[in-house]
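Asks: Listed here are the chains, written in short residue letters.
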Amino acid sequence: MLTIDQLSLQLPLYTSWWKRDWATCLDEFSLWVSAGEVHAVVGASGAGKSLLAYAIMGLLPTPAYLNGQLYYQGKPLNASHQRQLRGRELALIPQSLSALDPLVRTQRQVAWAAQRAGHSSAHARHASQQALDHYQLDARAQQAYAHELSGGMARRVLTAMAHVSQAKLVIADEPSVGLDPHQRQRVLDALRELADQGKSVILITHDLRHALPIADRVTIMRDGKLVETAPVCAFQGSGASLTNAYSQALWLALPDNAFATTGMSRRQQEANVA
Amino acid sequence: MRLITPIAKRLARLALVLLCVALVSYGLMMASPIDPIDAYLGPQMAQVSPEQRALIAQRWGFDESPAVQFGHWLRQLVSGDLGWSHVYNQPVSEVIGQRFQRSIALLGSAWLLSALVGFSLGVVAGAKEGSKLDNIISTYAFITASTPAFWMAILAVLLFSVTLGWTPTCCAGPAGALNQEVTLATRLHHLLLPVATLALLGIANITLHTRTRMLELMRSDVATHAFAQGASRLDVAWRHGLRHASLPAITLAFASLGELFGGSILIEQVFAYPGLGQATVAAGLRSDVPLLLGIALFTALFVSVGNMIADSLYGVIDPRIKPGGL
Numbered sequence: 001m002l003t004i005d006q007l008s009l010q011l012p013l014y015t016s017w018w019k020r021d022w023a024t025c026l027d028e029f030s031l032w033v034s035a036g037e038v039h040a041v042v043g044a045s046g047a048g049k050s051l052l053a054y055a056i057m058g059l060l061p062t063p064a065y066l067n068g069q070l071y072y073q074g075k076p077l078n079a080s081h082q083r084q085l086r087g088r089e090l091a092l093i094p095q096s097l098s099a100l101d102p103l104v105r106t107q108r109q110v111a112w113a114a115q116r117a118g119h120s121s122a123h124a125r126h127a128s129q130q131a132l133d134h135y136q137l138d139a140r141a142q143q144a145y146a147h148e149l150s151g152g153m154a155r156r157v158l159t160a161m162a163h164v165s166q167a168k169l170v171i172a173d174e175p176s177v178g179l180d181p182h183q184r185q186r187v188l189d190a191l192r193e194l195a196d197q198g199k200s201v202i203l204i205t206h207d208l209r210h211a212l213p214i215a216d217r218v219t220i221m222r223d224g225k226l227v228e229t230a231p232v233c234a235f236q237g238s239g240a241s242l243t244n245a246y247s248q249a250l251w252l253a254l255p256d257n258a259f260a261t262t263g264m265s266r267r268q269q270e271a272n273v274a
Numbered sequence: 001m002r003l004i005t006p007i008a009k010r011l012a013r014l015a016l017v018l019l020c021v022a023l024v025s026y027g028l029m030m031a032s033p034i035d036p037i038d039a040y041l042g043p044q045m046a047q048v049s050p051e052q053r054a055l056i057a058q059r060w061g062f063d064e065s066p067a068v069q070f071g072h073w074l075r076q077l078v079s080g081d082l083g084w085s086h087v088y089n090q091p092v093s094e095v096i097g098q099r100f101q102r103s104i105a106l107l108g109s110a111w112l113l114s115a116l117v118g119f120s121l122g123v124v125a126g127a128k129e130g131s132k133l134d135n136i137i138s139t140y141a142f143i144t145a146s147t148p149a150f151w152m153a154i155l156a157v158l159l160f161s162v163t164l165g166w167t168p169t170c171c172a173g174p175a176g177a178l179n180q181e182v183t184l185a186t187r188l189h190h191l192l193l194p195v196a197t198l199a200l201l202g203i204a205n206i207t208l209h210t211r212t213r214m215l216e217l218m219r220s221d222v223a224t225h226a227f228a229q230g231a232s233r234l235d236v237a238w239r240h241g242l243r244h245a246s247l248p249a250i251t252l253a254f255a256s257l258g259e260l261f262g263g264s265i266l267i268e269q270v271f272a273y274p275g276l277g278q279a280t281v282a283a284g285l286r287s288d289v290p291l292l293l294g295i296a297l298f299t300a301l302f303v304s305v306g307n308m309i310a311d312s313l314y315g316v317i318d319p320r321i322k323p324g325g326l
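Chains as they are written, first to last, in full-length UniProt numbering: chain A, 1 to 274; chain B, 1 to 326.
Warning: the hint list may mix true and false statements.
What the hints assert, rightly or not - Here are the simulated DSBU-like cross-link-like pairs (lysine-lysine), alpha carbons at most 30 angstroms apart as the crow flies:
id	chain 1	residue 1	chain 2	residue 2
1	B	Lys128	A	Lys19
2	B	Lys132	A	Lys19
3	A	Lys225	A	Lys19
4	A	Lys225	A	Lys168
Because the hints were derived from the structure by calculation, they are not lab data.
Let's have the full structure, built from the sequences with the hints guiding it.
Replies: Listed below in structure tokens is the structure:
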């Protein structure tokens with residue numbers, strides 16, 4: 001479905017007002033996702049996970065150096081191609097709840113998403129209603145404004161907006177953040193369901209525990225670099241089938257496992273806790 | 001009951017504001033060096049004996065202390081009488097009524113024009129930062145925002161009335177014509193230049209603020225999310241931009257009612273347009289206290305009501321702002 005080949009991303013960094021450096025945010029990062037798969041991308045804050053999502057969607061800020069290749073269904077994914085596919089084939093569930101327009105009722109926003117995906121306005125209204133019903137948002141929530149929704153409801157609205165577009169590749173950026181276990185399970189189940197319908201889901205998260213129950217494969221990321229891509233079954237026991245020391249340490253540091261910090265620098269610990 | 005309390009609260013506050021405006025205006029008039037009797041007499045000042053002056057002062061009540069005079073005025077006001085204007089020799093309410101009819105045509109059309117054009121230009125400019133259109137609109141807005149209205153008016157008269165002869169140089173109708181004889185077309189012809197000049201004053205301000213809000217929106221999470229859904233810039237500007245940018249535009253448009261009022265004084269003076277602005281100048285220069293107080297009160301009322309309308313409109317556009325909370 002999607003192949004990322006040796007992708008490097010550099011963003012400008014102004015060390016002082018006349019001097020511009022380039023900060024490397026993604027460093028020869030490679031990844032492939034197939035249809036019907038939930039692919040988790042796990043890494044600490046600042047590992048470049050969200051930028052990866054923006055790079056795939058083609059939503060990077062303008063002064064950016066992008067190297068390497070993206071392929072979508074075998075074809076190179078360039079800027080104009082991305083523009084055509086956004087909202088129709090590629091969908092993003094953003095990290096921040098402020099992505100919902102505070103001045104527009106929920107259902108209307110979902111209907112707009114449907115219209116942007118190419119539905120007629122009458123059909124869009126119907127589709128938005130269905131999508132919201134599907135995610136168990138009642139009539140009151142559908143007519144509510146963003147500030148009247150709980151965190152979990154707002155997440156489900158964002159998921160409904162991605163769902164209604166019928167996109168084949170859904171990128172979910174930190175969908176489990178700030179939710180109680182029950183709500184989190186609902187949101188993650190919704191993503192698994194999308195994959196079961198034959199779509200590809202890239203699940204970006206900093207918490208390995210949230211990703212494991214629903215993911216097929218997991219990519220560990222650190223400072224813009226690929227650490228390791230492993231099937232989800234590798235994350236068990238003492239993590240012996242993991243090839244990289246960082247991913248092993250990450251796995252062992254989880255409270256359910258050894259809760260061990262042996263051989264880890266302080267930085268790595270913090271990354272795990274974050 | 002729930003509706004009555006906030007309305008009563010607002011009215012009480014409005015009354016308090018009006019009282020303060022009256023007090024301050026009155027204090028300023030008392031401090032003014034212009035003697036109302038001298039101003040009334042004009043060149044005949046030298047021919048009037050001190051006894052006659054005392055008589056006039058007594059007739060107008062100038063021999064009493066300022067506080068007593070203000071008390072008189074306030075008592076009259078409560079009974080609905082704004083007093084007598086000695087400049088126009090008419091009741092103040094009549095002067096304001098007549099003049100306001102003329103001014104409202106000028107003010108209203110200039111206000112509407114500046115709000116609508118200013119808002120549209122701001123949205124268009126803000127939708128695509130750094131585009132050619134944005135540069136043109138911003139440059140225009142910065143130049144007009146820093147141009148004094150009266151200077152613009154003088155230039156306009158010089159160019160369009162004197163050199164080109166397209167518009168009349170003064171007044172609300174042809175000189176010497178009776179009010180009833182003036183046709184609508186002639187009236188509009190006379191309004192054209194003052195309205196255009198006055199609108200220029202408002203457009204720039206609203207454009208610049210709307211543009212800033214639009215730029216903010218186009219960089220926000222809301223816009224990024226919309227782009228991720230495949231929305232074009234036009235789509236984002238139309239669906240999200242109009243709503244978000246209308247808040248500052250409404251604030252400004254209603255707050256600028258007062259500014260337009262002030263601006264209209266200068267403009268009416270330049271175009272010799274017989275509106276409220278001219279009456280204000282006449283009242284100030286000839287120390288016509290009742291008329292000036294009446295106009296000050298009227299202006300304050302106008303601006304306050306404008307702000308109240310803006311306040312209640314916020315609630316309609318932004319659901320996070322609840323109307324009624326004070």
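Asks: A separate judgement is required for each hint: does it hold in the structure or not?
Replies: Now for the hints, and whether the structure bears them out:
no.: 1; hint: B:Lys128 <-> A:Lys19; verdict: 27 angstroms, holds
no.: 2; hint: B:Lys132 <-> A:Lys19; verdict: 28 angstroms, holds
no.: 3; hint: A:Lys225 <-> A:Lys19; verdict: 26 angstroms, holds
no.: 4; hint: A:Lys225 <-> A:Lys168; verdict: 26 angstroms, holds
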